[in-house]
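A.B. asks: Residue numbering for the sequence shown follows our numbering, beginning at 18 and increasing consecutively.
Everything labelled a hint here was simulated from the structure, so no lab data went into it. Nothing here was measured: the structure is a model prediction, and the numbers come from that model. Among the hints, erroneous ones may be present.
[Unchecked claim] Between beta-carbon pairs, the in silico distance windows are: (1) S198 x N298: 32 to 42 Å; (2) N275 x R152: 40 to 50 Å; (3) K109 x S78: 32 to 42 Å; (4) E63 x E206: 16 to 26 Å; (5) N204 x I269: 22 to 32 Å; (6) Y213 x K262: 23 to 33 Å; (7) L196 x E257: 38 to 48 Å; (8) D133 x D305: 42 to 52 Å; (9) P86 x K262: 14 to 24 Å; (10) D216 x S125: 21 to 31 Å.
[Claimed, not checked] Calculated pairs, DSSO-like style, for lysine-lysine (alpha carbon to alpha carbon, straight line, at most 30 Å): (11) K139 x K149; (12) K90 x K207; (13) K139 x K273; (14) K207 x K194; (15) K194 x K85.
All residues carry an ideal CB built from backbone N, CA and C; glycine is no exception.
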Amino acid sequence: MKRGFAVSFSWLFSIMAGIAIFLFLIGFAYKNTDLFGTLTSQIAVEELDTAFSGFKGSLVSTNLDFGKPVEIKLNCIDDVGEKIFVNNKGGKTLKGKLVFGPSLMEDSEYIIWTKDWRVPFKVTNFIYLIEKNKRYEFIGNKHDETDISGREVFNVMDIPEQMKSLVSNGGEFVDFKELSSYGGCVNNEKIIYWDYDEDLKDVHGFICLNREEFEFVGSAMMYAAIFSDNDDKYFRCMYEIAEDKAEIIAKIHREKLNLNPICGININFNLLDVSSIDRVNDLVSKNDLLLRENNCRSVY
């Protein structure tokens with residue numbers, strides 16, 4: 018009897034020990050899977066941040082190949098700025114960097130490139146982050162500016178207006194229209210109403226995202242809209258941060274204009290709204306006037 022009890026106890030103990038070891042291995046695998054996921058996310062975030070920092074120097078464009086699908090989420094909070102998340106982990110604040118792109122992406126390879134934002138003076142560099150395998154389908158009447166460097170970097174297909182309804186291949190539609198046809202943002206499509214200003218030597222106009230209107234100056238902001246989601250929340254937040262930066266730079270240039278008595282010029286005008294082409298052209302004409310005066314230097 019005792020021997021049978023001992024055998025049964027030994028057998029029961031073996032089962033319990035086996036279950037404990039099995040549960041330990043499952044827990045260990047889960048924890049390490051999560052650990053490896055966290056490490057991968059952190060490494061990806063650091064690689065992205067390093068690439069973004071490079072664009073403050075001499076980088077123009079680069080590709081990041083992670084070797085497997087990586088989810089990237091861009092988040093923008095008023096008065097805080099941008100944060101980037103990889104695989105829903107590794108949140109990192111992007112200090113002083115203006116990164117435009119879809120708010121949620123997933124690909125194994127990403128394209129990063131940059132363009133100066135000028136209004137007409139340089140404000141900052143815009144950085145664009147997009148999925149390599151995503152295609153952008155341009156519809157309608159676009160300016161040649163959309164062909165400069167862009168086609169060398171991202172995947173573009175031109176589609177005639179009459180063919181739009183026949184195309185359904187998962188691309189991102191961007192509709193270009195002449196500024197003269199603008200009558201407000203009346204539908205949910207992404208539409209860019211543009212015109213080319215000879216004094217500014219750049220495009221300007223209105224961006225329509227999900228029925229919301231954004232006035233823009235400069236092709237860099239146009240690209241920011243091209244790569245942004247039709248859901249305008251992230252773009253709106255970034256747009257406001259960019260405008261704040263532009264107003265600071267504009268204030269510096271206004272002060273330079275006001276401190277040029279030797280040139281016989283003293284200009285006092287209201288706070289420059291960089292989203293207004295008239296205000297921007299006002300500063301352009303003041304700058305050109307300085308250039309024409311003897312011994313006067315350009316303000317920017």
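A.B. asks: Is the gap between the beta carbons of S198 and N298 within 32 to 42 Å?
C.D. replies: 22 Å Cβ-Cβ, so the 32 to 42 Å window is violated.
A.B. asks: Do the alpha carbons of K207 and K194 lie within 30 Å of each other, as the hint requires?
C.D. replies: holds (11 Å)
A.B. asks: Return holds or violated for the Cβ distance of E63 and E206 against the range 16 to 26 Å.
C.D. replies: Cβ of E63 to Cβ of E206: about 37 Å, so the range 16 to 26 Å is violated.
A.B. asks: For the range 14 to 24 Å, tell me whether the beta carbons of P86 and K262 fit it or not.
C.D. replies: violated (34 Å)
A.B. asks: Has the hinted range 40 to 50 Å been met by the Cβ atoms of N275 and R152?
C.D. replies: holds (49 Å)
A.B. asks: Would the pair K139 and K149 pass a check requiring their Cα atoms to be no farther apart than 30 Å?
C.D. replies: holds (28 Å)
A.B. asks: Could you tell me whether the CB distance from K109 to S78 stays inside 32 to 42 Å?
C.D. replies: violated (22 Å)
A.B. asks: Would you say the C-beta atoms of L196 and E257 sit inside 38 to 48 Å of each other?
C.D. replies: violated (23 Å)
A.B. asks: Could you see if the CB distance from N204 to I269 stays within 22 to 32 Å?
C.D. replies: About 40 Å separates the Cβ atoms of N204 and I269, which means 22 to 32 Å is violated.
A.B. asks: Honestly, do Y213 and K262 meet the 23 to 33 Å range at C-beta?
C.D. replies: holds (24 Å)
A.B. asks: Does the beta carbon distance between D133 and D305 stay inside 42 to 52 Å, or does it fall outside?
C.D. replies: violated (20 Å)
A.B. asks: At the C-beta level, are D216 and S125 separated by a distance inside 21 to 31 Å?
C.D. replies: violated (45 Å)
Taken one by one, the earlier hints fail for this structure at numbers 1, 3, 4, 5, 7, 8, 9, 10 and 15, listed in ascending order.
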